[in-house]
Structures are given as C-alpha cells and as structure tokens.
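Q: Given next are the chains, with one letter for each unit.
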Amino acid sequence: LASGSDHKSDEIVPLTFQNSLLQPVKDSRLNKEVFMSAVTHRRRLISAPKLTALMLALAFVLSNIAVQAAAQTYNVLHNFAGSLDGGNPYAGVTVTVPAPPIR
Amino acid sequence: MKHSGSGWTFEPLYQFSYLIEGVPKARVVFGPQGALYGTTQGGPFDGGAVFRMMPPATPPHTALTSWRETSLYNFHDDALPAYGDVIFDAAGNLYGTTESGGQDHDGKVFELSPPGNWSSENVLYAFAGADGAFPLNRVVFDHAGNLYGTTYQGGATGYGTVFELSRIGLTWTQTRLYSFQNGTDGANPIAGVVLDSSGNLYGATTGAGSGGGGTVFQLTPSGSGWIFNLLYSFSAPATCGPWGTPVLDNSGNLYDTTYCSGANHLGNVFKLAPNGGGGWTYTSLHDFTGGEGDYSTSTVSLDTSGNLYGTTVYGGSHGNGVVWQIQP
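Keeping their order, the protein sequence lines are chains A and B. Residue numbering for the first sequence follows my numbering, starting at 12 and increasing by one per position. Residue numbering for the second sequence follows my numbering, starting at 33 and increasing by one per position.
A few chain B positions that, by computed beta-carbon distances, are all more than 12 Å from chain A:
1. N106
2. V172
3. S198
Facing chain A, a subset of chain B residues (Cβ under 10 Å, in silico):
4. Y115
5. D117
6. H318
7. L334
8. G342
Computed footprint of chain A on chain B; a stretch qualifies when at least three of its residues, placed anywhere within it, have a C-beta under 8 Å from a C-beta of chain A:
9. 39-51
10. 60-69
Hints listed in this document are in silico derivations from the structure and should not be mistaken for laboratory results. All C-beta atoms in this analysis are idealised placements derived from N, C-alpha and C, irrespective of residue type, glycine included.
Can you build the whole structure from these sequences, using the hints too?
A: Okay, here's the thing in structure tokens:
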C-alpha cells in the first residue's frame, strides 16, 4: 500500500495499490504492518490455510438477558482458531435487534 | 454468534472458497427477505462478487450447511469490493463500492437492482484520479438520496477525498467535498463516513495529522461548501488510524477502532464525545495488548444496551483474531 501522493505521477504506486486489496500483514519483528502487492497477496490468499477456510459467522443474535456492568468491561467472545471457524477477520459484526428484557 | 446462558456460542454459517465464491473482507448486513448480503474478493473472475445468504426456511438457522449462499453478481473487471458494507435503498436496490475497476481502474460506486437484475451492474460513478481514487469503504445515503463516501487516494493532492454523488433523473453527478492535504487534516481515508441528523459528515483518516497516525474529522455543510473540522489526531505511525467507519450513538458520541494506535500501538477502541463547547473529548475504551486481540480494522457495532462489539485481525489465544465486546 502506498500511502499518499498522486498515484498518477508514479507508475509503481497504482500498480502496488490498485490491485493490492489493501492487505495488512503484521510483521512481528518490526511490530508494524506491511502491505503486499497484488500478485503476492493473491498467491498468499490461495495458499494460506487460514484464509482458504475463511468462515462467515458475523451475525449476532443477542439474548434477552439485560446485562448491566458496574464498570466498563472488555470481553473476548470468541478466539479464532484459524481452522474451521476461520480467522483474521477484517470486518466487524452485525448486531441483530435484541429481544426485549424479560419482565 | 449467539448469547447462550452465561456465554456466547460461535456457529459458522457458511464456508467460502477463494476460487469459487471469493472470501469476504467486508461485514455482512441484513437486507431484503431477511437475508445476509456481503461482498467477496476473488471468485471465478478474480474481481470479487456480491453475495446473498438465505436462512433455512425453518429454525434452527445454525447448521453450517443450512444457509444457502448465492453469488448475485461476479465482477468481470478488477473491481475488488473492499471493506465497505453494501447498503440498500427503499426499493431494495443494492449499492456498494469497489477499490479498483471502472474505466480508469480507480474504483467505482455500483448499483445492483432486484429482483431479476442482480446480474446487471449499474456503475453510478467511476473514479479517474483527480476526482478521487480507490474507494475502500461503504457509501451512505442522506435523506435526500445523495450518496457520500471516501477515496483512499486521488483528489487535488493525491491523499484522498470525501465525495458526494447526487442523482438528477437517471444521472449521478460526483462532487468532491474535500481533498486531504496530508497535513494536520490527515491523509488516505479507508473508513467511510457517517451522517448525523444535522447533515454533518464524520470520518477518519489512516495517516498524517499532527500525530502522524491519522485523524477523525467532521465536515459541516455551509452555504459556500463544506467546512472541515478536526476532531482528533492519533500519535502513531502512518496507516495506524481508523480503518472502520465511525458510528454515532443517540447522544452524538462517536466510536471507532484503530489499526495500530492506542497505548500499545496494537490498536484500540475509542470514543469521542462532544463536550458542549464545540470540542470533543477523546477516551480510549480499550487498548489492545495482544493476548485479547490486536490490530483492529473493524467498525464498532452497538446494541440497545450500550454494549460495543467488534473484531481484531490478529491476537487472541491463537493469534488469529477475536470477536470482542465492551460493556459500558
């Protein structure tokens, strides 16, 4: 991914980004992301076991249990194993309208 | 995922193949007929696709094979839908963006119309560079039927734009509302924009700004155009700013995630609250540390209890990302 300047003035930039899919890859040594070219990315998509088994499970159905926390709490609802459950989600989740609380 | 008893259960609905359907990078959304709609990259022509998933006729809707996937449209060019949700108008027409494709391969805004024309793409606008290039996220309607979005590059200086598409009859006209300068205003927006009830636009950039790591901004309509207001600048490397489109709650607070900003430079979830004096107060709701997730490209979803939901690309117990919740 080439950030910034006029892509029309640089032959490399549009080729890099235009087909790049904007794929971030975390470099654990540098602790930063790098962006791969189109060819590299597509090859990786096809060969990467995690992504060939990408799963769709992003629809939420919330229960009718009203939860009130005394303080702000962070919870992990699911850890992706990178197998049949998929992995490395770029997208957020869609929350369905919850049922009204039980009275 | 479904709240069950004291926990949550994860139930895959469908498994995608890169070469057959492509793989989704954008969120799925509910649309006509109670179906889920989304986009993929890859697929039979390698240009991505728009798909629909229909639930089974009778509950339960949970078995892996019980949701039926249909590719509504396969892009034949190098279109590649990116991170944006698809949206619908009142007539059920579907709208989205692609990061590439179009006459100049600079991306486009497209429309697909039901019921029989899913396979016919109507290109509302194809970008050419000076007007913007590479829209990576969704477009959104205002009450008048105009569409708003962002491009990652292009515009007056090449650092991206905020644009409007307005319809007169069957013709859509593009207006460049703002071109990023790569200064304190930010650069290279990946996120789309969200509208408030007053017609103000809110969005985010991934880079530049006073801290180098992107900005959150507001565009306010005025008689002479649109006024840019900076709400916050992230101190982080370029591309660390928000990738997901910000969301507004009923009180006018903004929520979003960052890719690699926050206290640990592993991303965070944040809130920007209007302080009544024209300014905004920034609060980091959670700074990712790795073990519970890191590097988020997710938009934030809210439920009616004020809980926030999202994902991370990496981190968690397996390093493959997590689904998270923040309870207020």
